[in-house]
Each structure stands twice: as structure tokens, then as C-alpha cells.
Amino acid sequence: AQKITQTQPGMFVQEKEAVTLDCTYDTSDPSYGLFWYKQPSSGEMIFLIYQGSYDQQNATEGRYSLNFQKARKSANLVISASQLGDSAMYFCAMRVYNQGGKLIFGQGTELSVKP
Amino acid sequence: DGGITQSPKYLFRKEGQNVTLSCEQNLNHDAMYWYRQDPGQGLRLIYYSQIVNDFQKGDIAEGYSVSREKKESFPLTVTSAQKNPTAFYLCASSIVGTSNEQFFGPGTRLTVL
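Order-wise, the sequence lines are chains A and B. Position 103 of the first sequence, counted from 1, bears residue number 121 in our numbering, the numbering being contiguous throughout. Position 106 of the second sequence, counted from 1, bears residue number 238 in our numbering, the numbering being contiguous throughout.
No lab work stands behind these hints: they were computed from the structure. Ideal Cβ positions, reconstructed from N, Cα and C, are used throughout, including at glycine. One should not assume that every hint holds.
Claimed, not checked - 20 Å max Cα-Cα, derived SDA-like pairs, lysine to any residue: (1) 189(B) <-> 64(A); (2) 88(A) <-> 24(A); (3) 21(A) <-> 170(B); (4) 141(B) <-> 59(A); (5) 141(B) <-> 61(A); (6) 34(A) <-> 62(A); (7) 21(A) <-> 193(B); (8) 21(A) <-> 190(B); (9) 21(A) <-> 141(B); (10) 21(A) <-> 231(B); (11) 21(A) <-> 94(A); (12) 141(B) <-> 62(A); (13) 21(A) <-> 192(B); (14) 189(B) <-> 94(A); (15) 141(B) <-> 64(A); (16) 21(A) <-> 233(B); (17) 21(A) <-> 189(B); (18) 189(B) <-> 115(A).
As the list claims (entries may be wrong) - Non-contacting residues of chain A with respect to chain B, defined by C-beta distances greater than 10 Å in every case (computed): (19) 31; (20) 44; (21) 62; (22) 74; (23) 88; (24) 90; (25) 105; (26) 120; (27) 132.
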């Protein structure tokens, strides 16, 4: 069965420092995609970054990068130069190719950025 | 502006009542999804649809029903059979394909009184 595990319920980081949010996944399907979403207190889900299972390089989007280690089945999100507006819930999600496009979500990590 | 709208933002329901949550998108996406989020939890899939007039059950479909009569619209009905419906409901849409992200609406917060 497919599963996403986020082991950090809450994290603190000092403003302007980098932070890594952990995500491990489990699937036996060779074709899948990994996503990170941000959920502020308003509730909306904001797409941050995507990594495909066949991508050779780690994905980057501005201050966000994904540390993809396929053999270890991990897809950690790295946020560089944290800002106060980064305080939110962060969800890791996986889409498996033959599963109708649905996303499987982890439990989330609540990130708090300190001034 | 393209996007997904959900209404209402807040909804209160008495026990035993059916309620319908609206989801509309103007992104021309074929696929649409309904998720449920409980406090402190991740999202769980209720129903999804990849084409008009067709939809599939997700992981927690019991007590819910959907329709997909138009590409733009994917309403969710929470029936009286859903024993614990109080939750935050999120609708999403995407282009069909593994690498395409899902775009989410602002959500509806349902409370059963």
C-alpha cells in the first residue's frame, strides 16, 4: 500500500535560517510523483514543488528545494532563508501513476518561524 | 482569473440533514477531487472524477455522494449516513497526468450542530 510519513509534527526555525522538513514514502510502483504543499491558517493548499520518480536532478523552485533520495525513499523539503510568512502547515504528498491521479497525503509538519 | 471556487465558506448542519457543497473551476481541467481534512490531520480522498459523467470512490466515500454533469462543476453531498461529518472539505482540480499538481479551492468548513 502507498503511504507518506512525516515524522515531525512541529518545527521551529529562526528567521533567515534554512530548515528541512522530512518526508518518507512507500510504494512498489516505479512511476510516481512527489509534491509538497503549504497550508496557511486560512486553510488553502498552496503547491510548492514537484519531483518525478524518474527525474535525475533534485527539483528547485525559488527558496524551495526537494532533497530526493530514491533508494531511501525520502523526499525532504528544504526552505532556505526562512521568512515569517513561511509559518504554516506543510504537507508531503504522493501520486501514483495508475491510481487515477489521486494524492496520498502525510500528516503534515507545522513550521513556526521565529523573528 | 482562473481558479477554483467553493461555497459556502462555512456551513452548519443539523443532524439528519443532507447538505451539498459546491465546487466550480474555470481552469478547463478534466480531473476534479474532493478531500476531507480533520483537525491536525492530512487530507483524505472522498471522491474523484477524471471525466464528465464518471467518478470513482476514494478512501472514505461512505456517507458522501457526488455528481459530474459539467466539466466545471463537481458538487459533494454529505448525507445523513455520514456519522461524523464535521470537518474541513477541500476541492481540487488538475490536468490528468502524474506530474501535474492539483489546484485547490479555499475550502468549506462544515459543522454539525
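Do the hints match the structure? See the list:
1. 189(B) <-> 64(A): Status violated; Cα separation ~24 Å.
2. 88(A) <-> 24(A): holds, 16 Å
3. 21(A) <-> 170(B): Given that 20 Å is the threshold and the Cα spacing comes to 18 Å, the pair holds.
4. 141(B) <-> 59(A): Measuring from Cα to Cα gives roughly 14 Å; hence the hint holds.
5. 141(B) <-> 61(A): Judged against 20 Å, a Cα distance of about 11 Å means the pair holds.
6. 34(A) <-> 62(A): violated, 25 Å
7. 21(A) <-> 193(B): Roughly 19 Å separates the two Cα atoms, so the pair holds.
8. 21(A) <-> 190(B): holds, 15 Å
9. 21(A) <-> 141(B): At roughly 30 Å apart (the allowed maximum being 20 Å), residue 141(B) and residue 21(A) break the hint.
10. 21(A) <-> 231(B): Judged against 20 Å, a Cα distance of about 18 Å means the pair holds.
11. 21(A) <-> 94(A): Holds, at roughly 15 Å.
12. 141(B) <-> 62(A): Measuring from Cα to Cα gives roughly 11 Å; hence the hint holds.
13. 21(A) <-> 192(B): Measuring from Cα to Cα gives roughly 16 Å; hence the hint holds.
14. 189(B) <-> 94(A): violated, 30 Å
15. 141(B) <-> 64(A): holds, 18 Å
16. 21(A) <-> 233(B): holds, 18 Å
17. 21(A) <-> 189(B): Cα-Cα ~18 Å, so holds.
18. 189(B) <-> 115(A): Holds - the C-alpha atoms of residue 115(A) and residue 189(B) are around 17 Å apart, at most 20 Å.
19. 31: holds, 20 Å
20. 44: holds, 15 Å
21. 62: violated, 5 Å
22. 74: holds, 14 Å
23. 88: holds, 16 Å
24. 90: Holds: least Cβ distance 21 Å, greater than 10 Å.
25. 105: holds, 16 Å
26. 120: Given a closest Cβ separation of 5 Å, the condition is violated.
27. 132: Residue 132(A) clear of chain B: closest Cβ-Cβ about 21 Å, beyond 10 Å.
Hint compliance for this structure: hints 1, 6, 9, 14, 21 and 26 are not met, and every other hint is.
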